[in-house]
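K.L.:
Given next are the chains, with one letter for each unit.
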Amino acid sequence: DQQVKQNSPSLSVQEGRISILNCDYTNSMFDYFLWYKKYPAEGPTFLISISSIKDKNEDGRFTVFLNKSAKHLSLHIVPSQPGDSAVYFCAATSPTGNQFYFGTGTSLTVIP
Amino acid sequence: NAGVTQTPKFQVLKTGQSMTLQCAQDMNHEYMSWYRQDPGMGLRLIHYSVGAGITDQGEVPNGYNVSRSTTEDFPLRLLSAAPSQTSVYFCASSYGAGRMNTEAFFGQGTRLTVV
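From first to last, the protein sequence lines stand for chains E and A. Yeah, the first sequence ends on 112 if you go by my numbering, and it's all consecutive. Yeah, the second sequence ends on 1115 if you go by my numbering, and it's all consecutive.
These are calculated hints, taken from the structure and not from any lab test. These numbers come from a predicted model, not from an experiment. Even glycine gets a Cβ: it sits at the ideal position worked out from N, Cα and C. Among the hints, a few may not be true.
Unchecked claim - DSS-like cross-link-like pairs, simulated, lysine-lysine; straight-line CA separation at most 30 Å:
| id | chain 1 | residue 1 | chain 2 | residue 2 |
| --- | --- | --- | --- | --- |
| 1 | A | Lys-1014 | E | Lys-5 |
| 2 | E | Lys-37 | E | Lys-5 |
| 3 | A | Lys-1009 | E | Lys-37 |
| 4 | E | Lys-71 | E | Lys-37 |
| 5 | E | Lys-5 | E | Lys-68 |
| 6 | E | Lys-71 | E | Lys-54 |
To be verified - Covered stretches of chain E, as calculated for chain A (at least 3 residues, CB under 8 Å):
| id | stretch |
| --- | --- |
| 7 | 41-54 |
| 8 | 102-110 |
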């Protein structure tokens, strides 16, 4: 059973606009969440993370929001750039576990 | 900095053949793991290791074997390849899982085709 879900397989956004990627999780024990970016023929690379003690974490153009009551997190990219076109995975882990759980990914296309 | 190195990058196997996917990291990470990526399925954990001599199964372990004799290396063995094992395989390492402020570093992947 998928514990981390990304329900939008793809997203297209105009350059300069905001991209919002969503992620839902089911396990209330998850307390640390990560976003990864993946280009074709490359391995995923870490983008940004957030712990459950926060509801927002910002790094340049990237902001992750966490809504624990809704078990939902989102990644905002502002402004979006063509180089942001990639597949984005969210992941989660818990203090009692030994695994990262990944979502199925969202393919973002930023149109120049 | 090499990070996580996977070899080979591409491989074609015949059904029933065996092979080993190599993974090495130079970051002195305790935790290493293998994932497979399939269309619409995301990254699924095959096996992981929390340190030398310790391995455990992930979500999709059947048909794969691992060992961890050193901190640096974590090879993945396909015992008898099947077409269902056609996938892209990623090795990852981190200081740990289940702990905050750690992230996994991934290799570039091995694209495996079983015919």
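K.L.:
Find the hints from earlier in the document that the structure breaks and name them by number, from lowest to highest.
P.N.:
Structure breaks hint 1 only.
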